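Enquirer: Sequence:
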Amino acid sequence: MVSSPLSYILAFIGAFIWAAYCTVTAKYAKGKNGITLFVLLTALTLWLKFLFSEQPPMVFSWPVTIKLIALSVALGFGYAAWNVGILHGNVSLLAAASYFTPVLSSALAAVLLSAALSWSFWQGAGMVCIGSLLCWQATRR
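The UniProt record's numbering applies: residue 1 is where the sequence shown begins, and numbers increase by one.
No wet-lab data here; the hints were simulated from the structure. You may find that some hints are simply not true.
Cβ-Cβ distance ranges computed for the label pairs, FRET-style [as the list claims (entries may be wrong)]:
no. : residue 1 : residue 2 : range
1   : N90       : S61       : 36 to 44 Å
2   : S98       : T65       : 28 to 36 Å
3   : S98       : P57       : 30 to 38 Å
4   : G126      : A95       : 15 to 23 Å
Model, not experiment: these values are computed from the prediction. Each residue gets a CB set at the ideal place from its N, CA and C atoms; glycine is no exception.
Put together the whole structure using the sequences plus the hints.
Expert: Spelled out as structure tokens, the structure:
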């Protein structure tokens, strides 16, 4: 944290912005999907950070381009599905299910990167999943 405080500060702020977005969307959207504006503002922020900080040059090749397109499609569908869930779905079930996403993405990244996940990772992942199920069960009563 000491070596890169800006990253942690931005992540902390981002968590509040995302929570505010989800709360405001569910309450005030009236069925309208505002994810396009949110993603556009996020992209603009990231491009500004890229332009005003020292970065290595971008090198594109066919494998990189294919991965970029696949990632873009996955993220786009993910945000769209989340927004539909916020607007028209069971928000408490969606919140509980969202805790599984980091576990699944970490497992997928480990497979793609041929990296082993430690026993402590799986213990923590299990606790997060059990905790989310307990919270969801508590909201059903």
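Enquirer: Hint by hint, note whether the structure agrees.
Expert: Here's how the hints hold up against the structure:
Between N90 and S61 the CB atoms are about 43 Å apart, so this pair conforms to the stated range of 36 to 44 Å. Our hint of 28 to 36 Å for S98 and T65 holds, since their Cβ atoms are close to 30 Å apart. For the pair S98 and P57, the supplied restraint of 30 to 38 Å holds, since their beta-carbon distance comes to about 36 Å. About 19 Å separates the C-beta atoms of G126 and A95, a value consistent with the hinted range of 15 to 23 Å.
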